[in-house]
Each structure stands twice: as structure tokens, then as C-alpha cells.
Amino acid sequence: MEAVGDIVRFENVGMRYRLGGEVLHDVSFSLPAGAFHFLTGPSGAGKSSLMRLMYLAHRPSRGSISIFGRDLSTVPRHELAALRRRIGVVFQNFRLLDHLTAMDNVALPLRIAGAKEGQVRDHVAELLRWVGLEEQIDSKPTTLSGGEQQRVAIARAVISRPQILLADEPTGNLDGEIAIRLMYLLEELNKIGTTVVVATHNEALLQRFPHPRIRIENGVLVGSSDMFDIPSDVTEK
Amino acid sequence: MIRPSTDLPLGADPASRFLPWTVGFLVFLATLSLAVGMLMVSANGNWRHNLLGTLTIQVPVGPDKQEASRAVIEVLRAIPDIQEAKRVSDSEIATLLEPWLGAQTSILDLPVPILIDATVADGRTIDIETLGARLSAVAPGTTVDDHAVWLKHLMDLADITGAVSLSVMVFVLISMLMTVVFTTRTGLAIHGEVVEVLHIIGAQDSYIARQFQVHTFWLSGIGAAVGFTLSTGVIVLLQFYGDRLTEGLLPDLALGGVGWGALCALPVAAVSLVFLTAGITVKRLLGRMM
Chain A
1 MEAVGDIVRF ENVGMRYRLG GEVLHDVSFS LPAGAFHFLT GPSGAGKSSL MRLMYLAHRP
61 SRGSISIFGR DLSTVPRHEL AALRRRIGVV FQNFRLLDHL TAMDNVALPL RIAGAKEGQV
121 RDHVAELLRW VGLEEQIDSK PTTLSGGEQQ RVAIARAVIS RPQILLADEP TGNLDGEIAI
181 RLMYLLEELN KIGTTVVVAT HNEALLQRFP HPRIRIENGV LVGSSDMFDI PSDVTEK
Chain B
1 MIRPSTDLPL GADPASRFLP WTVGFLVFLA TLSLAVGMLM VSANGNWRHN LLGTLTIQVP
61 VGPDKQEASR AVIEVLRAIP DIQEAKRVSD SEIATLLEPW LGAQTSILDL PVPILIDATV
121 ADGRTIDIET LGARLSAVAP GTTVDDHAVW LKHLMDLADI TGAVSLSVMV FVLISMLMTV
181 VFTTRTGLAI HGEVVEVLHI IGAQDSYIAR QFQVHTFWLS GIGAAVGFTL STGVIVLLQF
241 YGDRLTEGLL PDLALGGVGW GALCALPVAA VSLVFLTAGI TVKRLLGRMM
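Protein sequences appear in the order of chains A and B.
When we follow the numbering used here, the leftmost residue of the first sequence carries the number 1, and every step to the right adds one.
When we follow the numbering used here, the leftmost residue of the second sequence carries the number 1, and every step to the right adds one.
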């Protein structure tokens, strides 16, 4: 049963890469719109694979996934792009385009969506000011520090006001202070209605920001503090 | 060099760096092949037009060859299907023989047979054997040649040369498209990471394909322009020297307006095909991704 307001729903989802073994097994959970969740688990547990399924970079090998109420198995390929534009992603290693400036990197989602160039520049400049990078607007990613690259990646993820924001180990390359500032930024986005999922195994961060957690180990969901259809005995908080 | 900017850093690809050279060379070859093919088709038409419907009558050397030639012309003019019959003048024969004998030799000193050109009326045919017999009756030893054997060999040669040239052009264009497929696939493999990022942030396949198309179009356009310019230079040179070489021996080998139009259309068509091929290749490969 899909609860009213669920924005993401996984049912008995399995995933494998090409002909390899299954990396996710029978994953079932759902996220209500406007939620903030941590996805936790040790390295190699399957957090990034689960994130890949959520940002529609990979198809499940079995089970069903619904995003925004659409069963992905019934969504034609050409409509996936429109769904992806409603999802912002902050990648673990940023995945900025090195040959483009910070401005052009952040502008990409808008240009891809066909926004007018005049609006793009104003909007991007404003967002880069908001993340404190107004001085680096024309800098290439390779000339930016890790923290600055991370902020460019976040700006790119939120520029088109996504309904879901997925961040895969967003604090992995950042020092403690910047990581905490980043988390405050994500919380601000959550307050204006964005559903946020942050994959991390940073215990300090988890302690400081007490949001519900989804825990995964060896490709199996082993615990959640705030999920539908998951027995309470596997809940952790 | 000014290039259109793309989200993908395609300009740095080692494979695409050679694309202008490859396309330029292949357009050069394709243009030459097309030119040769069209020249052969045109020559075939010219030869057919110039020689079909004409007869050459040869009155053999002899003491009464002037009298015999007049008799032959009278017989020819009396035949309704013969539109015209006239003796080839000594000066015209001298011009025909000049390449072999030189300008200083007088044909009056040589035992040259008398030649008579006859034109068959449009739509009529002449039985060569019957005509030969009638002419031999008034001038023994007279022969009639309708050029059929020579013309057939010449036209067969022209047909084969034309077909081979056009086939070469087709193969060259196919090679060019295969090169584009290879270059595009390589580019897609090199930039797989960036392509995935573009996909994830909402790019349609057509958006990514357009990036490859614009890049490939630009590079192949430069190559095609250079290759075409060089090939037309070669064609003009060959035509110039060919005219001098074949003067008096063969009908003119020249590309008309339509021929030049087709040649000019070739690089445009080649670059358009490259554009389409790049797009189709990218879309097919992306179609295998989620």
C-alpha cells in the first residue's frame, strides 16, 4: 500500500551491476514528502547503490520503485529526464565538469531544462552568492578547494528547486566546521519543503543532527527509525 | 580556432582531433570519384550523340578516286534516309593527321583515301551491308563505317569507369560514416562519466546527442571544406591539361553546370550525413543506458 504523500517508495527491490551478484536485496521502504533522512551503514554496504536507484541512474533488477507516485517500470525512457529534473543530487566526489566554470556548472540544470540565458545568469549568480562563492563565479573546479567544490555541487543540485535532494557522503571531503555548515544548509532546504536524504557514515554528524535513519548492511535494509511498513524492532535512532 | 562550446569537453578527445583530416581526405577522394564518374557519364552521352547517326565512307586510293567519290556522294544524296553527305576536305584530313604526321606534311603527297561524312536522318536507320554493296558497285573497294564497334567499346569503357568511380565514392562515404561512428563511440566512452552526470541532472538523449552532433559537424565541416577545395583545384587542373592532351582526338570532357552543382552538393551532403550519423550513434548507445 502506498501511503498518501509518499514521494519515494521501494518494494522488494534488488539490484545488480551487469552480470555481477546482487548488491541490494529485498529493499523496501518509503519516504514521505518533506522528510529528512540519513542513510547509514558501513562502507560498501550499498548506500551509493541505493542512492543510484533513487536518482534514477540505474534500474532495479527486481522489485518496484515509485518516485513522485510514478511506478518507474511503467515510465517511458523519454519521460525519465523530467523526473530527474525534480531530483537534485550531490555526488560523493562532486562530479563537477572540470572544463566549465562554477557559473556554468551550476547553470547546467537550467540550461538543460531550456531556461532563458538572461534568467540563468541572474539566478546562478544569486545562488553562488548564497553559498558564499560570489568571488569564484568564473573559477574552474580544479582551482577551487574541496569545500568550495562541494558548495558548487550543492548549488548545482538545488538550482532548479528539486523536490528531492539526495546527497551521497556530502561531508566526506570536508573538515568538521564546513560539514556542519553544509548540514545546516540542507536543513534549510528541508524546511522549505525539499525531501532530503543524506547518505553518510559520519557518526559525529549523525549524533549532532537527530534525523531519522535508514540503515543498510550488506545490501539489506536492517533498520529505520521512521519508515512505513518496516517492523519497529529494526528501528534505530 | 573558434569552436562552439559544449557541456562535454569533446575538443580534447584524441580521436576527434583527427576527424577533420580524415573527413577532408575522404571528401577529397569522394569528390574526385564523383567528378570522374560524372565525366564518364557525360562523355558517354557526348560520344553517343556525336557519333550515332553518322557514317564515315572511305573511298580507296586510286587514279579515279575523285570521280569515284563524286559518284558515291550522288548515291548517298539519292537515299531519302540520308540527310546529308559531304566530302571531308583535304584541310580537315590534314588537321586529323597532324598529331601523327606533323604540320609540315602535305596530304597531297600521300596516298590518303577520300573520306565522306554522311548524316542519317533523325529516327531513321541504314542497313550498312546493303549500303556498302550499293556504294561498292559505283566505287569498288568503298567501305562504310557506322562506328558501332568502336563506339560500343568506348561506351563500355566509359560505363565501367563511371560505375567504378561512383562505387568508390559510395565506399569512401561509407568509410567516412564508419569513422564518425567510431569517433563518436570513442567520445561517448571517454566522457561516459560526464554523460551520466548530464543524464542525472535531467538531460534528454537528444540534448547529449546534439553536443556530439555540433562538435562533429564543426570538425567535419572544416575537413570537408578543405578536401573539397583541394579536389576542385585538382579537377580544374586535370580538365585544363586533359583538354590540351585530347584536343582533336576525343570529344570534350567537361563538367557542366549540373555536374558542378552535384560536386558542390557532395560536401554538404557528406557533412549532413556525418551530423545525422553522430546523432543516431549517440542516441542508440544512450538508449542502452537507463
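There's no promise every hint is true.
[To be verified] A short, non-exhaustive set of chain A residues, derived as facing chain B with CB atoms under 7 angstroms:
| # | residue |
| --- | --- |
| 1 | R18 |
| 2 | A57 |
| 3 | R62 |
| 4 | L72 |
| 5 | H99 |
| 6 | K116 |
[Unchecked claim] Between beta-carbon pairs, the in silico distance windows are:
| # | chain 1 | residue 1 | chain 2 | residue 2 | range |
| --- | --- | --- | --- | --- | --- |
| 7 | A | G118 | B | L238 | 52 to 58 angstroms |
| 8 | A | E203 | B | F182 | 56 to 62 angstroms |
| 9 | A | S73 | B | W260 | 53 to 59 angstroms |
| 10 | B | A269 | A | R62 | 46 to 52 angstroms |
| 11 | B | A12 | A | I192 | 35 to 41 angstroms |
| 12 | B | M289 | A | R62 | 18 to 24 angstroms |
| 13 | B | R284 | A | S73 | 55 to 61 angstroms |
| 14 | B | M289 | A | G44 | 44 to 50 angstroms |
| 15 | A | T142 | B | M289 | 24 to 30 angstroms |
Simulated from the structure, these hints should not be mistaken for lab results.
All values derive from a computational prediction rather than experimental measurement.
Here a beta-carbon is modelled for each residue, glycine too, at the ideal position from N, C-alpha and C.
Outcome of the hint check:
Checking A:R18 against chain B: minimum C-beta separation of about 12 angstroms lies over 7 angstroms; hint violated. A distance limit of 7 angstroms between C-beta atoms decides the matter here; for A:A57 the minimum to chain B is near 6 angstroms, and the interface restraint holds. For A:R62, the shortest C-beta to C-beta distance to chain B is roughly 15 angstroms, which exceeds 7 angstroms, and the interface hint is violated. The closest approach between the C-beta of A:L72 and any C-beta of chain B is roughly 9 angstroms, which is over the 7 angstroms cut-off, so the hint fails.
Against a cut-off of 7 angstroms between C-beta atoms, the interface hint on A:H99 holds, since the closest Cβ of chain B lies about 4 angstroms away. Annotation: A:K116 was flagged as interfacial toward chain B, and the flag is violated, the nearest CB pair being 16 angstroms apart, outside 7 angstroms. Take A:G118 and B:L238: their Cβ atoms lie about 55 angstroms apart, and the range 52 to 58 angstroms holds. At about 50 angstroms, the CB distance of A:E203 to B:F182 disagrees with the hint of 56 to 62 angstroms.
Between A:S73 and B:W260 the C-beta distance comes to about 57 angstroms, which sits within the given range of 53 to 59 angstroms. The beta-carbon spacing between B:A269 and A:R62, approximately 48 angstroms, falls within the hinted interval of 46 to 52 angstroms. B:A12 and A:I192 have their C-beta atoms about 40 angstroms apart, which keeps the hinted 35 to 41 angstroms range intact. Checked against the hint of 18 to 24 angstroms, the C-beta distance between B:M289 and A:R62 comes to roughly 19 angstroms, which is consistent with it.
Between B:R284 and A:S73 the beta carbon distance is about 22 angstroms. The supplied range of 55 to 61 angstroms is therefore violated. Taking 44 to 50 angstroms as the suggested C-beta distance range, the pair B:M289 and A:G44 does not conform, at roughly 24 angstroms. Taking 24 to 30 angstroms as the suggested C-beta distance range, the pair A:T142 and B:M289 conforms, at roughly 27 angstroms.
Hint compliance for this structure: hints 1, 3, 4, 6, 8, 13, 14 are not met, and every other hint is.
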